[in-house]
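K.L.:
Residue numbering for the sequence shown follows this note's numbering, beginning at 570 and increasing consecutively.
Any given hint could turn out to be false.
As the list claims (entries may be wrong) - Pairwise CB distance ranges, derived in the manner of DEER restraints:
{"id": "1", "residue 1": "SER696", "residue 2": "GLU597", "range": "16 to 26 Å"}
{"id": "2", "residue 1": "VAL768", "residue 2": "PHE833", "range": "40 to 50 Å"}
{"id": "3", "residue 1": "SER696", "residue 2": "ASP720", "range": "12 to 22 Å"}
{"id": "4", "residue 1": "GLN652", "residue 2": "VAL749", "range": "49 to 59 Å"}
{"id": "5", "residue 1": "THR841", "residue 2": "LEU704", "range": "49 to 59 Å"}
Unchecked claim - Cross-link-like lysine to aspartate or glutamate pairs, in silico, EDC-like; alpha carbons within 20 Å at most:
{"id": "6", "residue 1": "LYS812", "residue 2": "GLU770"}
{"id": "7", "residue 1": "LYS645", "residue 2": "GLU597"}
{"id": "8", "residue 1": "LYS653", "residue 2": "GLU698"}
{"id": "9", "residue 1": "LYS748", "residue 2": "GLU844"}
{"id": "10", "residue 1": "LYS655", "residue 2": "GLU700"}
{"id": "11", "residue 1": "LYS679", "residue 2": "ASP663"}
{"id": "12", "residue 1": "LYS707", "residue 2": "ASP663"}
{"id": "13", "residue 1": "LYS609", "residue 2": "GLU700"}
{"id": "14", "residue 1": "LYS804", "residue 2": "GLU770"}
{"id": "15", "residue 1": "LYS691", "residue 2": "GLU770"}
{"id": "16", "residue 1": "LYS707", "residue 2": "GLU770"}
{"id": "17", "residue 1": "LYS825", "residue 2": "GLU857"}
{"id": "18", "residue 1": "LYS622", "residue 2": "GLU662"}
{"id": "19", "residue 1": "LYS693", "residue 2": "GLU590"}
{"id": "20", "residue 1": "LYS657", "residue 2": "GLU602"}
{"id": "21", "residue 1": "LYS789", "residue 2": "ASP824"}
{"id": "22", "residue 1": "LYS825", "residue 2": "GLU862"}
{"id": "23", "residue 1": "LYS679", "residue 2": "ASP720"}
{"id": "24", "residue 1": "LYS748", "residue 2": "GLU733"}
{"id": "25", "residue 1": "LYS845", "residue 2": "GLU859"}
{"id": "26", "residue 1": "LYS653", "residue 2": "GLU602"}
{"id": "27", "residue 1": "LYS655", "residue 2": "GLU692"}
{"id": "28", "residue 1": "LYS739", "residue 2": "GLU857"}
{"id": "29", "residue 1": "LYS705", "residue 2": "ASP756"}
{"id": "30", "residue 1": "LYS789", "residue 2": "GLU733"}
{"id": "31", "residue 1": "LYS739", "residue 2": "GLU859"}
{"id": "32", "residue 1": "LYS622", "residue 2": "GLU698"}
{"id": "33", "residue 1": "LYS752", "residue 2": "GLU770"}
{"id": "34", "residue 1": "LYS679", "residue 2": "ASP756"}
{"id": "35", "residue 1": "LYS681", "residue 2": "GLU607"}
{"id": "36", "residue 1": "LYS831", "residue 2": "ASP720"}
{"id": "37", "residue 1": "LYS659", "residue 2": "GLU617"}
{"id": "38", "residue 1": "LYS622", "residue 2": "ASP720"}
{"id": "39", "residue 1": "LYS657", "residue 2": "GLU617"}
{"id": "40", "residue 1": "LYS731", "residue 2": "GLU746"}
No wet-lab data here; the hints were simulated from the structure. Backbone N, C-alpha and C define an ideal beta-carbon position, used for all residues, glycine too.
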Amino acid sequence: MKFKLSLSILILVYNLTWSQEQFSVYFESNKFELVASESKSLQDWISENTMSKIIGVYGFCDEDGSAKFNDTLASKRIDFVFQKVKNKLKIREDFKARSFGELHQQSPIKAKNRKVTLFFLKEKDISREAEILGLKPKEIATVKPTISFPDKIIIQNPNGTKSEYALSVKFMQSLNEAKVGEKMQLDNLNFVLNTYAVVNESRGKLYELLLVMQNNPNIKININGHLCCIAVDKKDLSTQRAKAVYKFLEINNIDKSRMSYKGFGSTIPLFTLPEKTEMERAANRRVEIEIVEN
């Protein structure tokens, strides 16, 4: 009977689709130290494989004894062999923690089952270790550079005057770090009544969006327009207002491939129509930025 350890040392089981390299040493009944002949066999193997790499260890016991006894015995056998090979050849760091699946068929000869098997790669195969073990390459986490957004912006007007707009650094940082699928409302982006012209006091919101798009070339967005108060958007104001934001970004050299716009009328209200308060109407009357890529 074989026992897979779950105590101080985890026995590794190996299951590969290639012709794996393995070497075994055998123990006397109820013993965890090797006899002289097996010890020499292990030392000879080490001498012949100084450039090899151990990738897993598997310990076995025969069917004699209780499960607990054999678990402890197998653990001691693995530890004994490990002490003989450590510092003498390369050993995979997770060789005690990797689980490879089943690979042992019990022999009818008890002496053949009292063993520790080393699974290893020869020098010529070490460069293909990940491929042979079927390991996926580790994904390298990309850290986005920290962007310092300004809390105000001064714009030169066509008539020679200048306009200063306060900006929300918190909003810009949140938008810059938003995940795909998130929607962020352009709060306080107001339009002239029944038109798609942005009131001057709200132009700072457009610059907040522009600064994020300029500083984060990876972000792509949908610009979604919504209306309040009326069930049917006869003038298509929701689309026109979303388009007004889109055109502002386009005029300021944001590539059209990074953005799209769409109007939803009053089909996705935050508050049921007819709204009961001005707060509810303002909430429904909104432009949202939906993150497509980031």
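K.L.:
It remains to establish, for every hint, whether it holds in the given structure.
P.N.:
Here is what the structure says about each hint:
Between SER696 and GLU597 the C-beta distance comes to about 39 Å, which lies outside the given range of 16 to 26 Å. Between VAL768 and PHE833 the beta carbon distance is about 22 Å. The supplied range of 40 to 50 Å is therefore violated. A hinted range of 12 to 22 Å is violated for the C-beta pair SER696 and ASP720, which are about 53 Å apart. At about 51 Å, the CB distance of GLN652 to VAL749 agrees with the hint of 49 to 59 Å.
In this structure the supplied range 49 to 59 Å holds for THR841 paired with LEU704, their Cβ-Cβ distance being about 53 Å. Distance hint between LYS812 and GLU770 is fulfilled; the C-alpha atoms sit about 19 Å from each other, no more than 20 Å. The straight-line distance between the Cα atoms of LYS645 and GLU597 is roughly 13 Å, inside the 20 Å bound, and the hint therefore holds. Using a Cα cut-off of 20 Å, the hinted pair LYS653 and GLU698 is violated, with the two alpha carbons roughly 23 Å apart.
A threshold of 20 Å between alpha carbons decides the hint, and for LYS748 with GLU844 the separation of about 31 Å lies outside it, so the pair is violated. Distance restraint check for LYS655 and GLU700: the Cα-Cα separation of roughly 24 Å exceeds the 20 Å cut-off, and the hinted pair is therefore not satisfied. Restraint check: the Cα-Cα separation between LYS679 and ASP663 comes to about 30 Å, which exceeds 20 Å; the hinted pair is violated. Distance hint between LYS707 and ASP663 is fulfilled; the C-alpha atoms sit about 15 Å from each other, no more than 20 Å.
Annotation: proposed proximity of LYS609 to GLU700 is violated, straight-line Cα distance about 33 Å (limit 20 Å). Taking the CA atoms of LYS804 and GLU770, the gap is near 24 Å; set against the 20 Å cutoff, the hint is violated. Proximity of LYS691 to GLU770 is assessed by CA-CA distance (about 72 Å); at most 20 Å being required, the pair is judged violated. For the given pair, LYS707 sits about 49 Å from GLU770 by alpha-carbon distance, which is inconsistent with the 20 Å threshold.
This hinted pair checks out: LYS825 and GLU857 have alpha carbons roughly 18 Å apart, not beyond 20 Å. Taking the CA atoms of LYS622 and GLU662, the gap is near 11 Å; set against the 20 Å cutoff, the hint holds. Annotation: proposed proximity of LYS693 to GLU590 holds, straight-line Cα distance about 12 Å (limit 20 Å). Our distance criterion of 20 Å between C-alpha atoms is met by LYS657 and GLU602, whose separation comes to about 19 Å.
Restraint check for LYS789 and ASP824: the C-alpha separation of about 10 Å stays at or below 20 Å, so the hint holds. Restraint check for LYS825 and GLU862: the C-alpha separation of about 14 Å stays at or below 20 Å, so the hint holds. Pair hint LYS679 plus ASP720 does not hold up; C-alpha atoms about 79 Å apart against a cutoff of 20 Å. Distance check on the hinted pair: LYS748 and GLU733 sit about 30 Å apart at the alpha-carbon level, beyond 20 Å; violated.
Of the pairs offered as hints, the one joining LYS845 and GLU859 is violated, with about 27 Å between alpha carbons and a cut-off of 20 Å exceeded. Between LYS653 and GLU602 the CA atoms are separated by roughly 11 Å; this keeps the pair inside 20 Å, and the hint holds. Annotation: proposed proximity of LYS655 to GLU692 holds, straight-line Cα distance about 17 Å (limit 20 Å). Between LYS739 and GLU857, the direct Cα distance comes to roughly 16 Å. Compliance with the 20 Å bound is thereby established for this hinted pair.
As the CA atoms of LYS705 and ASP756 are separated by approximately 44 Å, the hinted pair breaks the 20 Å bound. Annotation: proposed proximity of LYS789 to GLU733 is violated, straight-line Cα distance about 27 Å (limit 20 Å). About 17 Å separates the Cα atoms of LYS739 and GLU859, which keeps this hinted pair within 20 Å; it holds. A threshold of 20 Å between alpha carbons decides the hint, and for LYS622 with GLU698 the separation of about 9 Å falls inside it, so the pair holds.
In summary, the hint linking LYS752 to GLU770 is not supported, as the alpha carbons are separated by about 23 Å, beyond the 20 Å threshold. A threshold of 20 Å between alpha carbons decides the hint, and for LYS679 with ASP756 the separation of about 77 Å lies outside it, so the pair is violated. For a cut-off of 20 Å, the pair hint linking LYS681 to GLU607 stands: about 13 Å separates their Cα positions. Using a Cα cut-off of 20 Å, the hinted pair LYS831 and ASP720 is violated, with the two alpha carbons roughly 29 Å apart.
About 13 Å separates the Cα atoms of LYS659 and GLU617, which keeps this hinted pair within 20 Å; it holds. Among the hinted pairs, LYS622 with ASP720 is inconsistent with the structure: their alpha-carbon atoms are about 57 Å apart, more than 20 Å. Taking the CA atoms of LYS657 and GLU617, the gap is near 11 Å; set against the 20 Å cutoff, the hint holds. A C-alpha spacing of about 31 Å is found between LYS731 and GLU746, which places the hinted pair above 20 Å, so the restraint is violated.
When held up to the earlier numbered hints, the structure conflicts with 1, 2, 3, 8, 9, 10, 11, 13, 14, 15, 16, 23, 24, 25, 29, 30, 33, 34, 36, 38, 40 and fits the remainder.
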